[in-house]
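Residue-level listing of the chains:
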Amino acid sequence: MTDESVKKPQSTSDKLPGVVSVFTLGLGAIAVYTWREGMRKKTMIGFLVLSLLVIFGAWFLTAFLQTGGAQVDTELDTKLVKDICVTAISIFGVLITIFISASVVPGEVENRIIYTVLSKPVRRFQYLMGKFLGVQLIIIINLALMGGLFFVNLYIQEGILPTLLLWTIFLTYFEFLIVSAFTFAIGCAASSAVLPVIGGLFIYITGNLTEYLGDVARRAGQTEAFLDVAIGWLATGLYNVLPNLQNFSLRNQLLYLQPNDPPADAMIPQMVVYGLLYAAAGYVIGYIIFRRKEL
Amino acid sequence: MRQVPTYVLLAVMLVFLAVAGWQGQQLSGLREAEGLYRWMIAASNQVRLFGGLEHIMDELESGRPEPVDDAFFAEVAAASEERLPDNIPIEDEDQTDDGETYPALVRAVRQGGYEQELWRLASSPEFAPLRRDFNRYVNEGRLASIGEQFDLEEMYAQGTLVNLGNMFLGFRKMMANLIWLEVDRYWHEGQYHRMVPLMRTTVALDPTFVDAFILGAWHLAYNITAPMAPTPEALKEYSPRHDAWVGPREVFYYEAVEFLKDGIRKNPTDFRLYFDLGFAVYHQKLEDSENAVRYLREAIRYPHETWARRTYYRMLEENGQYEQALEGWMQYREEFPQNQVAPVFVERNRGLLYEHRAEEAYAEADEAEEEGRVEEAEELRDYGNEQYANARQVWQGMIAMSGGSHPFAETRLQRMDALELAEEGRYYEAVALLEYARWESSEFFEEASELIIEIKQEGGLPLTLSEIQFLERQREAEERRQMREEMEAQ
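Protein chains in written order, with this note's numbering: chain E, 155 to 449; chain A, 61 to 550.
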């Protein structure tokens, strides 16, 4: 990180008193710098380009399937486009989220930039928050790009503005936010990006399998053996504490809105709060690790 | 600035996790409510349309635990009765064939507009025990009415605990699409036996894949059965699963019916499923106009394309419900004045209604005459003549309207002429007229052929070989039907 990027907000915040300056000092500059740096990463650009190609190609893929013998009608075409795009956004979006969240802190430790930044009057909390916000900026911009192309694709396909898609994208972000926060926390403990990337993938997979813990909890205790009962307790505990990414399946439901769907307005605010709470927990874990890190 | 102690941060983190966990439980509660809400809608429709919830148990499901659908639905309906608004009207369709009124829940779902109330009910604290029971029954596989499910325990090892929903990390729809493309490939390769399990897998992975239900039923009822000959009555066997007498070909028709009903259980408000069940399978394949009318009437209750309504009116006509068909077509003509088909069908149903009334009156007159009520018979005959004259007027009007040629109207007139000739004892002329007429309009062929046989029998004229075969088949079918009735009575 160059000195300039830190100096600028430092001079502005000099005028801000006490607590306010603590939370604003350098945050914006670090976040914007993280975003700029992240957007230049080849891995991320690769994923982004691939995802855009898949979303754009979904339209052509269905055309190809028709001539290739599958007698799919227009509705089936639209369904295929929706499914391909949702899958592409989920897969590439989560990969971008994991790679970016995993690499921002370890990357700076590896390049030794972090030493320069922390030698300035920047607190670790502010540095970490700036980094976290920068990561979120990258995720949001990528999601907006992918969602935008999906929006156009669907508009061409259906001929009407797919406004429900905006809710789908909105909820997808909160799913990514949870994955991002916990990957970021692992990143704070690691000195290279490899471990956090593996950890992030693990979080995403297990987050989608949390329901499985619910099944285990429900079925445990049938034999009344101690181990069986103990597994039941453990599964119940984990089921109640770990984030359940299947809760975000509402995003698909919104996209395919069926007339018998329950009113979604009851669920969306709850999911937003759910995402924010887990993200806060993830960030605090990251901070606890990072503040004690020897640098 | 002093650093916040680590234990405070740990406490903050634990608080966040605890609140998030609590929030997760709220969400789980909402998702449970969502499951119950969907089931309440689907089950209410099934009670009204299929006459119950537990009739789909088959050989494959014989090892399953006892279903609790009917008892659980009764419990939910009773709980809803107290909490739904009192002013849900009771219309004709809200009564069973025995005249009993459906519960408020079924009425609310049929009439529509109560979605908010139903959701509030399903997610209310009072319904918490019912939600718990619902989840328990679903997990134990004791609710047949949620639709046929992918049986993982059969597919993998016994005791596998994996929930299908989580197998593909949220990409189930994509997997369903890929499997569906395999179904399509097998169809083109003629490997029908491989299609059926894959079709079931597709819809188990993505129960909202309505096109898969529709195309799957089409494969079952049309493509797979295309090379098969109809089964002679004597070779049909009773199938408890379908509650019908079937041969190898008919089994596929009923499988298509079950497949579409499964789709309806999972997507109870998609008109296409009702339409295909009523028209493509019940009408076209099983020649069951009554059920065709029942499901098409249901189809047009939901947002639908205009052709669904037109088909419904056609089915009403096929089922002999001319008055309702006429009413429907008149309403349609009013709503779509630019439509060129509606006025033709209005006239057509008017003509058919007059004919029907006339024939009913003649039949009643014959009965009255036999019983010695001569005056009444005379009156009925006059009324019949009047209705016939009206019908003639309608058919002639249609011919004039279409510039002197209208095959359907012309054949109706010829039919009436033939019946009059037969009445006068001029059987040869009547038969000759019908022989000519039946080739003029494809819609009239079957009716005319049967009428020819009737007139020939009445006049003692010799029957052709194909007519004798037709009567033999009818006699055999009647014998079988009586045998079945006797067996069922035992």
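Derived by calculation from the structure, the hints in this document are not laboratory data. Think of the CB as a built atom: it goes at the ideal place given N, C-alpha and C, for glycine as much as any other residue. Treat the hints with care, since some could be wrong.
Unchecked claim - Computed beta-carbon distance windows for the label pairs:
1) A:Gly173 to E:Val383: 42 to 50 Å
2) E:Met193 to A:Phe396: 40 to 48 Å
3) E:Val383 to A:Asp130: 32 to 40 Å
4) E:Val383 to A:Asp193: 17 to 25 Å
5) A:Glu378 to E:Tyr309: 53 to 61 Å
6) E:Phe324 to A:Asp157: 24 to 32 Å
For each hint, the structure was consulted:
1. A:Gly173 to E:Val383: 42 to 50 Å: Holds: the Cβ-Cβ distance is about 49 Å, inside 42 to 50 Å.
2. E:Met193 to A:Phe396: 40 to 48 Å: violated, 55 Å
3. E:Val383 to A:Asp130: 32 to 40 Å: About 35 Å separates the Cβ atoms of E:Val383 and A:Asp130, which means 32 to 40 Å holds.
4. E:Val383 to A:Asp193: 17 to 25 Å: holds, 24 Å
5. A:Glu378 to E:Tyr309: 53 to 61 Å: violated, 41 Å
6. E:Phe324 to A:Asp157: 24 to 32 Å: violated, 49 Å
The structure does not agree with the numbered hints 2, 5 and 6 stated previously, though it agrees with the rest.
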